[in-house]
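Chain A is already provided as a structure; the job is to place chain B on it using the hints.
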Amino acid sequence: MTAQPTDAGPLAQRQLALVDLLDRLLAGGVVITGDLTLRIADVDLVRVDLNALISSVNVDVPSPFEEEESL
Amino acid sequence: MNELRYVYAVTRPFDGVLPEGVRGLGGEPPRLLDHGDLVAVVGAVPAEDFAEAPLKKRLEDLDWLTATARAHEAVIGAMTTVTCTVPLRLATVCVDDSGVRRLLDAGRDRFTTTLERLEGRVEWGVKVYADPQPDPATPGPAGSDGPSAAPRERPAAPASGRDYLRRRLSSRQAREGVWERAEALSRTLHAELSQRAQAAALHRPQDSRLSEARGQNVLNAAYLVPRESSQEFVAEVGRLTPRDQGVRVELTGPWAPYSFAGQAGQAGPDEAGTGR
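First to last, the sequence lines map onto chains A and B.
1 is the number of the first residue of the first sequence in the numbering used here; add one for each residue after it.
1001 is the number of the first residue of the second sequence in the numbering used here; add one for each residue after it.
Hint data in this document are derived by calculation from the structure and do not stem from the laboratory.
Note that CB positions come from ideal geometry on N, CA and C, so glycine has one too.
Hints should not be assumed to be uniformly reliable.
[Stated by the list, open to error] No more than 25 Å apart at the CA atoms, straight line, and that leaves these computed lysine to any residue pairs for SDA-like: (1) Lys1056/B - Val19/A; (2) Lys1057/B - Leu18/A; (3) Lys1057/B - Ala17/A; (4) Lys1056/B - Leu18/A.
[Stated by the list, open to error] Covered by chain A, according to a simulated footprint, are these stretches of chain B (three or more residues, beta-carbon under 8 Å): (5) 1185-1195; (6) 1251-1260.
If we strip away everything but chain A, and leave its shape as in the complex, we get:
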């Protein structure tokens, strides 16, 4: 039997794999919809201080969190 690389027990890794990092930085994580298409799940949760944006820019900005489930 060939030895598995993890046989010696798990080792702490210093460099976070990108996917592991994204799991943590984005509550919804990243999903793959096609072979090459990546989407952030729950993009709507991105916290943009929109009220402030609207009032300070004073431009007609479309309604903050329209659900756009464009799939």
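Structure of chain B alone, referenced to chain A:
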């Protein structure tokens, strides 16, 4: 008005300074914004990337996302070396400093509670994979070794149709066995480790097309552990890890407690073990 405020993290006022050479988004060092008993770690970012509409597009560009996530991580990593830090979700953006202050005001209670909860704690990640495709094993006579011997990648050509079918069947059984063992192990690991941790969080299993990891991710969990108990926790993961071909356990950390900051800003991942 073409700059917005990106908020990396929230901390308490602390003695000392930001570690030198920390670079956040756009290669710019982050700045501390004091507001009452909280401090926001912020950076200026261009509105053409971070205003809501462009941001949604940007977030789906993997290269941009990678660079942004790495910059965010760099700042959080640097902050955790100097003080207890609540990492915010990627792309928490305010329009200006007063927006950041409002963010702190609005979340004051949650930030304060979370800072207390995270003080002196680190996060460890534990993943379990079912990996029915073994490493190419040493060739030997078919069907002569132990129960549920792992299927071989390139067995000798079957002598007959019956041989072939028998081999197909046993390799399918081996695969199913791997799945069952991986799931059983995931349950055991999660139960045992949750007891040893102060909190546990489950992330959704990773898609292997994205992680490029071998096998299928069955468990993708995070545990909040006191920094000084890390060694024991790691040893426990080692003890619970079977020498099982086809089932793999991966441990990562220690990390800043990203998975346990969710309650501070917004709903986090499916978090368990914090009671109530």
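Now the hints, each set against the structure:
1. Lys1056/B - Val19/A: holds, 19 Å
2. Lys1057/B - Leu18/A: Given that 25 Å is the threshold and the Cα spacing comes to 19 Å, the pair holds.
3. Lys1057/B - Ala17/A: At roughly 23 Å apart (the allowed maximum being 25 Å), alanine 17/A and lysine 1057/B satisfy the hint.
4. Lys1056/B - Leu18/A: holds, 19 Å
5. 1185-1195: Per the Cβ count (0), the hint is violated.
6. 1251-1260: holds (count 7)
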